[in-house]
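Chemist: As they're listed, the protein sequences go chains A and B.
UniProt numbering applies: residue 1 is where the first sequence begins, and numbers increase by one.
UniProt numbering applies: residue 1 is where the second sequence begins, and numbers increase by one.
If you're looking for bench data, these hints aren't it; they were derived computationally from the structure.
These figures come from a predicted structure and were not determined experimentally.
For each residue, glycine too, the CB sits at the ideal point set by N, CA and C.
Misleading hints may appear alongside valid ones.
[Unchecked claim] Cut-off 25 Å, straight-line C-alpha distance, at most; resulting in silico cross-link-like pairs (DMTMM-like, lysine to aspartate or glutamate):
no., chain 1, residue 1, chain 2, residue 2
1, B, 318, A, 29
2, A, 320, B, 67
3, B, 320, A, 29
4, A, 79, A, 138
5, A, 318, B, 215
6, A, 320, B, 215
7, B, 318, A, 71
8, A, 73, B, 67
9, A, 130, A, 224
[Unchecked claim] If you want the footprint, here are the derived chain B segments under chain A, 3+ residues with CB under 8 Å:
no., region
10, 226-234
11, 299-312
12, 353-360
Protein chains: 2
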Amino acid sequence: MTLHALTPAEEINLRIARLQNAIRTCGMDAVLISDNANIYYTSGRVFSGYVYIPATGTATYFIRRPEGITDDKVQYIRKPEQIAGLLSEAGVGLPAVMGYELSSLDVISYRRLVNAFPGVTPVDASPIIKSVRSVKTDFELEQLRQSGIRHQHVYDLIPRLYREGMTDIELQIEIERASRLEGCLGIFRIAGDSMEFFMSNILAGDNADSPTPYDFAMGGAGLDPSLPVGADGTVITPGMSVMVDSNGNFTGYMTDMTRVFSCGKLDDKAMEAHQCSIEICRALEKAGKPGTPAAELYELAVSIVERHGLERYFMGHKQKAGFIGHGVGIEINELPVIAPRSRDILAEHNVIALEPKFVIPHVGAVGVENTYIVTSGGLERITDAPEQIIDLI
Amino acid sequence: MTLHALTPAEEINLRIARLQNAIRTCGMDAVLISDNANIYYTSGRVFSGYVYIPATGTATYFIRRPEGITDDKVQYIRKPEQIAGLLSEAGVGLPAVMGYELSSLDVISYRRLVNAFPGVTPVDASPIIKSVRSVKTDFELEQLRQSGIRHQHVYDLIPRLYREGMTDIELQIEIERASRLEGCLGIFRIAGDSMEFFMSNILAGDNADSPTPYDFAMGGAGLDPSLPVGADGTVITPGMSVMVDSNGNFTGYMTDMTRVFSCGKLDDKAMEAHQCSIEICRALEKAGKPGTPAAELYELAVSIVERHGLERYFMGHKQKAGFIGHGVGIEINELPVIAPRSRDILAEHNVIALEPKFVIPHVGAVGVENTYIVTSGGLERITDAPEQIIDLI
Numbered sequence: 001m002t003l004h005a006l007t008p009a010e011e012i013n014l015r016i017a018r019l020q021n022a023i024r025t026c027g028m029d030a031v032l033i034s035d036n037a038n039i040y041y042t043s044g045r046v047f048s049g050y051v052y053i054p055a056t057g058t059a060t061y062f063i064r065r066p067e068g069i070t071d072d073k074v075q076y077i078r079k080p081e082q083i084a085g086l087l088s089e090a091g092v093g094l095p096a097v098m099g100y101e102l103s104s105l106d107v108i109s110y111r112r113l114v115n116a117f118p119g120v121t122p123v124d125a126s127p128i129i130k131s132v133r134s135v136k137t138d139f140e141l142e143q144l145r146q147s148g149i150r151h152q153h154v155y156d157l158i159p160r161l162y163r164e165g166m167t168d169i170e171l172q173i174e175i176e177r178a179s180r181l182e183g184c185l186g187i188f189r190i191a192g193d194s195m196e197f198f199m200s201n202i203l204a205g206d207n208a209d210s211p212t213p214y215d216f217a218m219g220g221a222g223l224d225p226s227l228p229v230g231a232d233g234t235v236i237t238p239g240m241s242v243m244v245d246s247n248g249n250f251t252g253y254m255t256d257m258t259r260v261f262s263c264g265k266l267d268d269k270a271m272e273a274h275q276c277s278i279e280i281c282r283a284l285e286k287a288g289k290p291g292t293p294a295a296e297l298y299e300l301a302v303s304i305v306e307r308h309g310l311e312r313y314f315m316g317h318k319q320k321a322g323f324i325g326h327g328v329g330i331e332i333n334e335l336p337v338i339a340p341r342s343r344d345i346l347a348e349h350n351v352i353a354l355e356p357k358f359v360i361p362h363v364g365a366v367g368v369e370n371t372y373i374v375t376s377g378g379l380e381r382i383t384d385a386p387e388q389i390i391d392l393i
Numbered sequence: 001m002t003l004h005a006l007t008p009a010e011e012i013n014l015r016i017a018r019l020q021n022a023i024r025t026c027g028m029d030a031v032l033i034s035d036n037a038n039i040y041y042t043s044g045r046v047f048s049g050y051v052y053i054p055a056t057g058t059a060t061y062f063i064r065r066p067e068g069i070t071d072d073k074v075q076y077i078r079k080p081e082q083i084a085g086l087l088s089e090a091g092v093g094l095p096a097v098m099g100y101e102l103s104s105l106d107v108i109s110y111r112r113l114v115n116a117f118p119g120v121t122p123v124d125a126s127p128i129i130k131s132v133r134s135v136k137t138d139f140e141l142e143q144l145r146q147s148g149i150r151h152q153h154v155y156d157l158i159p160r161l162y163r164e165g166m167t168d169i170e171l172q173i174e175i176e177r178a179s180r181l182e183g184c185l186g187i188f189r190i191a192g193d194s195m196e197f198f199m200s201n202i203l204a205g206d207n208a209d210s211p212t213p214y215d216f217a218m219g220g221a222g223l224d225p226s227l228p229v230g231a232d233g234t235v236i237t238p239g240m241s242v243m244v245d246s247n248g249n250f251t252g253y254m255t256d257m258t259r260v261f262s263c264g265k266l267d268d269k270a271m272e273a274h275q276c277s278i279e280i281c282r283a284l285e286k287a288g289k290p291g292t293p294a295a296e297l298y299e300l301a302v303s304i305v306e307r308h309g310l311e312r313y314f315m316g317h318k319q320k321a322g323f324i325g326h327g328v329g330i331e332i333n334e335l336p337v338i339a340p341r342s343r344d345i346l347a348e349h350n351v352i353a354l355e356p357k358f359v360i361p362h363v364g365a366v367g368v369e370n371t372y373i374v375t376s377g378g379l380e381r382i383t384d385a386p387e388q389i390i391d392l393i
């Protein structure tokens, strides 16, 4: 097996060079990566082990499993305590200051690593790694565009998957199957341990108003208190909206897209709110450029909502989400965060999902979500399924 | 919404009492829980927040989200820094020694909690929580038995899902759908960040010999280097085994079961290895009693493998797994661990999965996996699908 799998070596070199630039800027001498998402980013594959990236020079991949990866930059290890010795043998001095992924590394693993590098000062590298990853390379943008195309194919099939009398979860299961047949990898990577999810979120009717513990834009009671989010077995009946927010991970890089279907005609308030969501997307597509503060996009969205008098339904009704968008890529909750107190500033080739959504009592959730590339001309949409509500009956 | 959802209050009280006993034994004055699996264990639902369990007295549930849970033991908070003040207001003194989940808590969150409790000595509570959770209550055993019954229903359907010319992933998608329609929650909770998985693992032919980074019993190249495990698109052809290890989470508590199907007749070596796996299960079912060292079960399995001369195929061929079984419950990798150097001793009402498996070159993976309750009379099997290889054609 080759180290970089489907990702060209030049692409990996580019990512490492960007990380090294950030490492130097922050006064670190090296970072040690062990989080699966960051291992994938810096190698092109997931393995069990560590990526050692010095501020200058070549990265070394210390791999525990799988066996059989052949590359000059790979060293096989059984345990992290071997790394310092192997670096010394290679004539590489230990760093004075080493960055670790403190936002994802558990305390026990962290202490073990710190003990394995005596005399080395540990600092937090999570923020700079997140920052570097938030600006996508051309190769990553292409992975995201490919996911967007296949993601759209799945949404095109949804009207044909509906049968009268279905529950939300029955429809969800058919969407999951169609998505997997289209090549969806299923896994939905989320940074941090607190958010959990299975594949997709289908909300029919008032279940959209059930609050969830998780920090997603929309809620849903879920099927079981062990996973209280999403579909809850609601039978889809006339007058209900059916919001579909389905997994877009077809390449290791995921797009995020939401569309709304209806069971017959929806009431006027719901239709107006849906149009308002589309209007917000159009406005933000123009306003979102490199240099735009993320908080400004949020405020612009709120101003449009206020003009329509729809505040009480915006981003939830009984319980509200505190953001309207977020970065996406290898993980679903990357930078920047589009929220009122966000200090993030849009940069060229950020990739963001915008999801101005509403919950209308007795109807359900409406609004669209799209994934965008930030370009100098505004936001480039890469999730192109039709945005109008499609009637299932 | 009520706090304990589907779990009776007495059941929660029993779990808290067991935890408190362990907390006192270890010299802690309290533990603060924030991991979703442990929140579910101690409350009966997942929420965003913390469970404060003093060594004696009543637990308090500090909840951020969802809104609307009404219970005397619930206090709503916005941030963990409020907890110490709220405890003081309630007349509860701060603990001198507080346990945290250091195996799952990230370093940043941990530091924030430690700062929120000035003067309190932090210690690791992960081992005692894992230990308490490894001994299931009667209520938990019933949840697991229910998952086992529904899990078996899914396996009964598998021969009807196969069509000639299918790939492993196409068959997997149909099994996923059948499983979801049976009520499978999909999510597969794994303690720790390093293992990832989507729903089920179907291995056809030599793909079973592809090494994976993850610490699962079997491998598989997977569909993409971002998730290198399981089905890889192999077309199922005559002479191949098809091993199905599918998600058994129907209740928040999951059973683990593997069965093997074949495309026509398999060679004699594969058939012998499969029988050897069943023989190991029968032997371990008798030997596994409260007080039996887990390592002894492992050694017994190896001795049977050696009698058959099948060592080189046992628990993988190119790359081998270092265990034959593991505890299951809310998470798939609970205690005890059935491995050569395990110090775990079986206790009554541990629930363990045993998976003595083989990889036979040019055929694929064979062997069964069952989930068992440890009882004074031996291991009680709760995954009852037929164990013989079923021919798909």
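Chemist: Hey, residue 130 of chain A versus residue 224 of chain A, does the alpha-carbon distance stay inside 25 Å?
Modeler: violated (33 Å)
Chemist: Regarding the pair residue 318 of chain A and residue 215 of chain B, is the alpha-carbon distance no greater than 25 Å?
Modeler: violated (42 Å)
Chemist: Taking 8 Å as the Cβ threshold, is the statement that the region 299-312 of chain B is covered by chain A upheld or broken by the three-residue rule?
Modeler: That given contact is violated, which follows from only 0 residues of the region 299-312 of chain B lying within Cβ reach (below 8 Å) of chain A.
Chemist: Taking 8 Å as the Cβ threshold, is the statement that the region 353-360 of chain B is covered by chain A upheld or broken by the three-residue rule?
Modeler: violated (count 0)
Chemist: If you draw a straight line from the CA of residue 320 of chain A to the CA of residue 67 of chain B, is it 25 Å or shorter?
Modeler: holds (10 Å)
Chemist: Taking only the CA atoms, is the gap from residue 320 of chain A to residue 215 of chain B under or equal to 25 Å?
Modeler: Status violated; Cα separation ~39 Å.
Chemist: At a Cβ distance under 8 Å, does chain A reach at least three residues of the region 226-234 of chain B?
Modeler: Holds, because 3 residues of the region 226-234 of chain B bring their Cβ atoms closer than 8 Å to Cβ atoms of chain A.
Chemist: Check the hint pairing residue 318 of chain B with residue 71 of chain A against an upper bound of 25 Å on the C-alpha distance.
Modeler: The hint holds at about 19 Å.
Chemist: Tell me if the straight-line CA distance from residue 73 of chain A to residue 67 of chain B falls inside 25 Å.
Modeler: Distance of about 51 Å is beyond 25 Å: violated.
Chemist: Do the alpha carbons of residue 318 of chain B and residue 29 of chain A lie within 25 Å of each other, as the hint requires?
Modeler: violated (38 Å)
Chemist: Does the alpha-carbon distance linking residue 79 of chain A and residue 138 of chain A stay inside the 25 Å limit?
Modeler: violated (35 Å)
Chemist: Can you confirm whether the C-alpha distance between residue 320 of chain B and residue 29 of chain A stays at or below 25 Å?
Modeler: violated (37 Å)
Against the hints set out earlier in the document, violations occur for numbers 1, 3, 4, 5, 6, 8, 9, 11 and 12.
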